[in-house]
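S.K.: Protein sequences, first through last, are from chains A and B.
So the mapping is simple: my numbering equals the position in the first sequence, first residue as 1, plus 147.
So the mapping is simple: my numbering equals the position in the second sequence, first residue as 1, plus 147.
Just so you know, the hints here were simulated from the structure itself, not pulled from any lab data.
A hint or two may mislead.
The list treats identical chains as one, so a pair stands whether inside a single copy or across any two.
Derived lysine to aspartate or glutamate pairs resembling EDC-like cross-links, with alpha carbons at most 16 Å apart [what the hints assert, rightly or not]:
1. Lys527 - Asp312
2. Lys493 - Asp389
3. Lys493 - Asp393
4. Lys443 - Glu235
5. Lys527 - Glu152
6. Lys236 - Asp393
7. Lys443 - Asp389
8. Lys260 - Asp309
9. Lys500 - Glu526
There are 2 protein chains.
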Amino acid sequence: MVSVEWLVKNVTYRPHCYICFTWDNSVRFLFSDKQPFPRWDCLYWQLLEALRARIGDPTRFDDSLMQHLTLFTEDPEREYPNQNVVWEKFEKAFIAAAGLITHAPVLRDYIYKGLEELYYDNIMYLELRSGLSRTYELDGTIHDKVWTLKVFQEVTQMFVQDHPDFLGARIIISAHRLSEVKTVVKEAIQLQKDFPDVVAGFDIVGREDDGRTLWFFREALSLPAQLGATLPFFFHAGETDDEGSDVDQNILDALLFNTSRIGHGYAIAHHPLAKELSRKRNIAVELCPISNQVLKLVSDLRNHPAVVLMSEGHPLVISSDDPSLFGTSGLSYDFYQAFVGIGGLKANLGTLKELASNSIRYSSLPTNLKNKLHDMWLEKWDLFIANNTTKYNLE
Amino acid sequence: MVSVEWLVKNVTYRPHCYICFTWDNSVRFLFSDKQPFPRWDCLYWQLLEALRARIGDPTRFDDSLMQHLTLFTEDPEREYPNQNVVWEKFEKAFIAAAGLITHAPVLRDYIYKGLEELYYDNIMYLELRSGLSRTYELDGTIHDKVWTLKVFQEVTQMFVQDHPDFLGARIIISAHRLSEVKTVVKEAIQLQKDFPDVVAGFDIVGREDDGRTLWFFREALSLPAQLGATLPFFFHAGETDDEGSDVDQNILDALLFNTSRIGHGYAIAHHPLAKELSRKRNIAVELCPISNQVLKLVSDLRNHPAVVLMSEGHPLVISSDDPSLFGTSGLSYDFYQAFVGIGGLKANLGTLKELASNSIRYSSLPTNLKNKLHDMWLEKWDLFIANNTTKYNLE
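Isolated chain A (complex conformation) (with noise of 0.2 Å):
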């Protein structure tokens, strides 16, 4: 959410900051008030602001923490030769960043400073995917999802107030595939009725190849029906070009589960009936063109699958997955990808507005606050017309 140039320049610049090296060439970070025991992971923890007095080249040192937080590089083709390696690489990063977020006093910077990104951007409302980690403090207190919810609830209102054109921000409740998806469900149902404005809904993440498939899951997803509760679904589903696999049949089982739109999607295109429901019940596709091509999905995005949905005038939104992790920041760049790269030499003006005013057509949010959304952008959307028209004497 935050560019990794703000969490290496900034948070491990924070005092009490401990890092260290693991075994597989990646990094752990650590803030604590005294020297942290050795874990599993991690045998000996570094002061970070001792590790830097020693080091001669600061500057070359942050780069290189950069380089394990993002899968940003030169060279792609030859550092990521398939998915298996790049995927590694992601989910290394994930892990090397949760130690500098889930510090209770940082997160609160985090969120604020992810939103002022978004909103530099011109987004004016997000849906985030989070798995709301527990947090910690200096002294190794740990607090709990509930009051990592409330925080993020407290700094998205203290960044409305700041920022009176910024509408708000809600969360999907994220369970990894390989976590126990059964209890952060019954968390989530719980969550979701005590704060209704803030959570959206759920989701299951992580790799789909790495196995566990929405169905292997059925009994946790049948939970919310069976309980009489309300917990939306936006599953990430169908990231895959393996037609026939079982990461292809999650597009099928997410929508039997009734999902408000589906993240990815990538698999729709080839099933026409999945496709014909997801459009009949205008549930939108989630296309993510920059991480596709991180992620080996497809390389000259002329191919990629959302080149026959948007040509059909599918339910698209578009969404960035994991910014910072590929080096970008916002959602201008993934805008730019599929205006440039899968709209096509016809792609015009009004394909962005119908992009643009898609994201609020399909958010979560209820009918008023999407009215109200909408009336907020068409002021925006119309002075960036009027302005440009004045700009380029387009009159």
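Using the hints, position chain B against chain A.
M.R.: Structure of chain B alone, referenced to chain A:
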């Protein structure tokens, strides 16, 4: 149509074969009973027999000749960095081979040999796009297109006599898009009238990106209808991944000109209306997976737009485009690619059966011959199944 190895190892070893190396690193061949005159592209002709005698290493020399006649290379990514480079080599190789194939005595052998290669690949019927080049004798005498067509007819009849389980072959008369298309259309109308059994129809070939869309030729293409003549069209169209370009629009014009099949039709997946027309009117798309890979439309076939078409049961036939240029032969390689790369993990024997019978269903043959061919094919198919059932003990 015939493997390049045969052209080099057999044809270029025949007497009176001259070679010339052009300034743009290509070759020309010419059979002549005397030293050929210099031409604009060939100032210096050498007798191949004499040249080979001077060169120590005939194997390496022959390999270098083969290089000129195919696109095959160990490192395609480096050698063909983009579509322009690979298409240039493609057109060059075509021209290089012409001097060999259009020598009248070679042509007979070439056709017979070509049918033989297809026959050994279990192909039972052929529709060949051909420009019906004029041919030449040793003394420089020129034969016209009618002569070429007659030779094709005679050799095919001879081949069918020798191989009763081969049904025959027809020609789709092809004009290069940079040539005088109107003249060729007129000739084709006449030839179709005079040789209705051999001439299947008409097409325009050559790289679509070089300009001259189907719409550009609307006058020429309207001639058959104006003259009340029969000339079925088998248009190449939409061999591009550039949505919204002129080449992309060829898909629509091909259909509006009542094409009988669509060559490549790579772009059709993102033209919903064209796709519907093609499907309702049983206008099959000729899928050429190897060609699309070699000519750099798509690298990973799982992203080929035909994945969508196949999932929708769209009328599809498999074609090898120009196998000798790609270093393949017959049709099995393309069937393999379509089956493994495009069909997905659930492709099965039924997929192969459907694709094979589609070749008959969407052929240009009259109904009685379609039925005959289908019976001939079904007998072989049933035998294939029976043999494998026994072999692998699947009873």
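S.K.: Compare the structure with each hint and give your call.
M.R.: Evaluated hints:
| no. | hint | in the structure |
| --- | --- | --- |
| 1 | Lys527 - Asp312 | within (10 Å within a copy, 72 Å between copies) |
| 2 | Lys493 - Asp389 | between (30 Å within a copy, 10 Å between copies) |
| 3 | Lys493 - Asp393 | between (36 Å within a copy, 11 Å between copies) |
| 4 | Lys443 - Glu235 | within (13 Å within a copy, 29 Å between copies) |
| 5 | Lys527 - Glu152 | neither (30 Å within a copy, 66 Å between copies) |
| 6 | Lys236 - Asp393 | neither (23 Å within a copy, 41 Å between copies) |
| 7 | Lys443 - Asp389 | within (12 Å within a copy, 21 Å between copies) |
| 8 | Lys260 - Asp309 | within (13 Å within a copy, 80 Å between copies) |
| 9 | Lys500 - Glu526 | within (12 Å within a copy, 58 Å between copies) |
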